[in-house]
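Residue numbers (numbering that gives the first Met the number 0), protein chains in the order written: chain W, 0 to 307; chain R, 0 to 338; chain U, 0 to 519.
Be aware that a few hints might be false.
Covered by chain R, according to a simulated footprint, are these stretches of chain W (three or more residues, beta-carbon under 8 Å) [as the list claims (entries may be wrong)]:
{"hint": "1", "region": "60–68"}
{"hint": "2", "region": "207–220"}
{"hint": "3", "region": "230–242"}
{"hint": "4", "region": "260–272"}
{"hint": "5", "region": "278–292"}
A few chain W residues that don't get close to chain U, going by computed Cβ distances all over 10 Å [stated by the list, open to error]:
{"hint": "6", "residue": "Leu93"}
{"hint": "7", "residue": "Val177"}
{"hint": "8", "residue": "Ala196"}
These are calculated hints, taken from the structure and not from any lab test.
All residues carry an ideal CB built from backbone N, CA and C; glycine is no exception.
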Amino acid sequence: MSISKLFLGKRGEKLPDDNFDAPPTERSGWHHTLYVIQRDVLAMFSVGWIVLILFCAVFAPVISPYPDQGRGRNNAEARLLPPSTNTLLGTDNLGRDMLSRLIFGARPAILSALVVVTAAVIIGTPLGAVAGYYGGWIDELIMRITDLFLAFPSLLLAMAIVSFAGPSLMNAVLALVVSWWPWYTRLVRSTTRSLRAQYFVEAARSIGVKDRVIITRHILPNTITPIIVQATIDIGTVILATTSLAFIGLGTQAPNADWGLMIEEGRQFLRQAWWYSMFPGIAIFLTVLAFNLIGDTLRDIFDPRQYR
Amino acid sequence: MQKIEYTVRRLFLSVVVLLGMTVVTFMLTRIVPSNPAALYLGNRARPEQIEAAIEELGLNDPLPEQYVRYLDDLLHGDLGESLATRRPVTLEITSRLAATGELLLVSLLIAIVVGIPLGVFSAQLHGKPADIFVRAFSIIGVSLPQFWLGLLLQLTFGLGLGLPLASRIDSSLRFTSPIQDITGFFLFDSLVTGNWVAFQDVALHLILPAVTLAAYPIGLIARMTRATMLEVMQQNYIRTAEAYGLNSRLIVYRYALKNAIIPTLTVIGLTLAYSLTGAFYVEIIFNWPGLGLFTARSFLNLDFPAIMGITLFGATGYILINLLIDLLQAYIDPRVSLS
Amino acid sequence: MKLRVTLFLVFSSLMILVGVSSAQDTQVLSVASTAGVTTWNPAVSFSTEALYMANIYETLVVVNAPDAEEEYSPALATDWSTSEDGLTWTFNLREGVTFHDGAALTADAVVRSVNLAREIGGAGFIWFPLDTVEAVDDLTVQFNMSYPAPLPLVLGSTYGAWIVSPNALDAYEADDSYFDSGVASGTGPYMLSEYTPDAEVILMANENYWGGWNDSQFDIVQISIVADDVTQEQLLRGGEVDLALRLPPSSYQSFADDPDYTVETESTLFNYLGFLNVLRPPLDSVTFRQALSYATPYQQIIDVAAEGLGTQAFGAVPQGVFPFSDSVPQYTYDVEQAQALLEESGVDPSTVSLRITYAAENAIEEVIAPLLKDAWEEALGIEVNIEGILFGQQWDEAKSDPANAQDVFLLLYWPTYSDAGADNLWSMFRSSETPFFNLSYWANETFDALIDEAGTTSGTDVDAALDLYTQAQTIMVEEAPGLFFMDTSTWYAVPTYLTGFEYNLNYPFSINFYNIEIAP
């Protein structure tokens, strides 16, 4: 599902690392300078954009020009107005200010992404550590369970959940968590396996330190870096997933603002009101792009080779 | 020896995972709907009809017994009957397979034809502005929401250039130059029968959906090719070749790309799994008469047997692709440890 | 470029399809429609497949649109008479009509078709007033009623009144899955040629049709099933179809401005309403329900949700069908009145939280719901939540446990046949033990008695029945178990190269392809 996952490879062990933005090792001079500059500039913009989106999400009621409309209150007299000084990004089918809707739309996007990724890390990490540390049948069992969950398409799972529980952002988030955690299990497992072979773990074992202590004291802290890199990129990917689900009616429900839902609402007005579907799409795109770029930069900083 | 053992073990475990899948889909079809018999009969059923249907469908039997029956049906290729069309789900799926398959393959082809040269090019020009451009291009490709990209293409190329915005073929063609059904892949069938009118029409219809679906894999493949090319090109034999003063083009295409292609193939395989989900959205937006559109409609009708049939089908595909990639890697790439 | 309905030279494959031996010019009409097929059994059919059924099968009479001179047109029956007490109706059948399979139309076929529809039909209830039906001779059918009712309305019903070939009925008796694969045999102008579920229906002209054919009519009608209105517009504009039967409401103006299209606006019997759950406080209070009725922005709903294509409803009977009456009272959007009634009801608005459910797949309800929410919250200070779910789920919840179900149920309703007294009022507001469509769960004895009496009167004295129905509706509106939003119009963008496109509001799901011709 996610780009990062594909790059981590299957169970994060077989693919060559993606040194997409690894600094050129041999060449120097202006190439390198150019590299550093574009890297920093892009990362800077990305951080700036994400801070802005976070700010929007937290302070939506304060900074929106029309907070009521952001929450869903209609203003039917002002339907489908093009961008103007009054409504910078135009208005939607119910006359609501698009800018306010976009600002409020940052909330479900950010919140759901944080929840999904956090939950996936919390569920996936201990399982991965246990599987990687003990190996053998425990490993095999856990890994087959992850296979099972990975093979279950999250989209269809979301549909199944929604068919009996009704559509809502929470149900969409639930479906995503179910299909997301195994990636972390795989990631942590492969890191754990390489750590386990190292001297300090062997040493700890040989002096009789308990497994639980080794895992929590020595293994888990060393898996944090790859998890952070993975999680950063995943936030972008989850935003893509939740907005996609909202687009087909399985996520956030009207009258709440959601970028994916707004694109869907604007679809029938593509001809008359281009701004309706355009701006929410740009918002999703830039946000996902920013998380991807930061993820890459982090990976770069932390040296990709350590979690091959 | 070790390879055979590995293969057998992977096969066995795949079967176990598949069995697990059937348990999950079974539970979802039997337990999730509050009343499967009522769903089966539709909105206007009377209570006594529902009673009769519960009996007929064996919903009163113990769950394990029902599961065994379900499994038995599955083994006979029976995924149940669609509530909406009253036809076997298996038939519904197979009759739509070619449409989705054609879309997937064409998009993948676009992704490969564009992605691999982009990656090679980018690796050759490592660090130069062109490299940065290619990298930006590929990361943009993976950050675009597909459903929005589809709309964007419809707005620009469809409304602007007059490309077909929806469906797979101009329906009147069936009366003027009908496509002879050989494989169900319209592009192929019209090509081998020399039906140029249909071929052209089908190709035009494919452009927008296939490009939309290809955006993501293009980015992935370009990235992967670039990364592996860079790695390969730093290896000794390439350096030796360079030192001998071999033509750099020859080095890149003859030696480096050949070795970089395996991991790229892996990514292509994994991309297929991703594209299945992508195809769902693309089919909705472009009214492409494949599995995705069927899934969407099944959901609208709360057609549980259909949804679960597709799930099982998709999951099987995913497991098979994974198995294949694993085995390929094991046989081709000596670095893969089989323990 | 627009003129896509060129004369196509037919190639070999079609030859086989049509079964003709020489090449000839064939005219194909391509249509995009949302109409899926839930069943090919004409007796059971009660859904969108009416689009195809109505071109394949025929009824004894056709109910004309309200502006026509005559109330009915003869179809398979040429003329009819009724006894003075309204209890016996005699119909003479058209001579020389054959079914698609070659069988002749006989009184016996009519009797069997009616009896089957009555027994197993989704719309079987339309035959409620009928006692027995019998064949007097080969071409005469007699209907004996239990009470006088306007029988031609029933015989011209959208559903449950099609006459089916006796061969098909035999086959169905032998094997009840006979129709499932997509077979049909009626007397209509078109025959079912091919059916691909969820994708396509192909209808082929019935050369022996009793109405005859001319050169401008279409030999083949190819219908693509396209669920999404935006896609339909794309297909129409791209010239891939000649007609798109469901276009996005928002595209009205752009088609109206386009010289290549004639936009036909037609009133319909589609009626939007909201059921207030009278079992759930505070909706058990009549005054509170009235307050809600006054706080509903009718004009805004028409302007925004229906893009102006509608009028505020007079009760639950849409304009253009019996027993519509504009003397049924209407609520106006009057915030002061609403607030006064709220106060009178003694309900503390801060304690009220209402949940509105609507069908997520209905684009108009999707807009009505937020408009209602905002208007009620603003006018009355109550809390309103809206929930868009699939109609199947909405319906399920409403019927399972009314007292714990939704507070407000938004519904799009239309009469099955052109008697909205016996259908709309009876189905939606008459009390019943287990809820069917009466999703207000409202029970009023006076109302029940009035519509029951009106139902038995309508066969003999239409004016008296109308009066009784109007009295009943007046009580209903005053008691306000429902919100009566609007009767909607629909519109079709017809390319100027076609003529004869007609919409008859009595047949909301069908278009007669037989009437459509290439413009001279």
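We went through each hint and held it up to the structure:
no.: 1; hint: 60–68; result: violated (count 0)
no.: 2; hint: 207–220; result: violated (count 0)
no.: 3; hint: 230–242; result: holds (count 3)
no.: 4; hint: 260–272; result: holds (count 4)
no.: 5; hint: 278–292; result: holds (count 8)
no.: 6; hint: Leu93; result: violated (6 Å)
no.: 7; hint: Val177; result: holds (21 Å)
no.: 8; hint: Ala196; result: holds (53 Å)
Hints 1, 2 and 6 from the list above are not met by this structure, while the remaining hints are.
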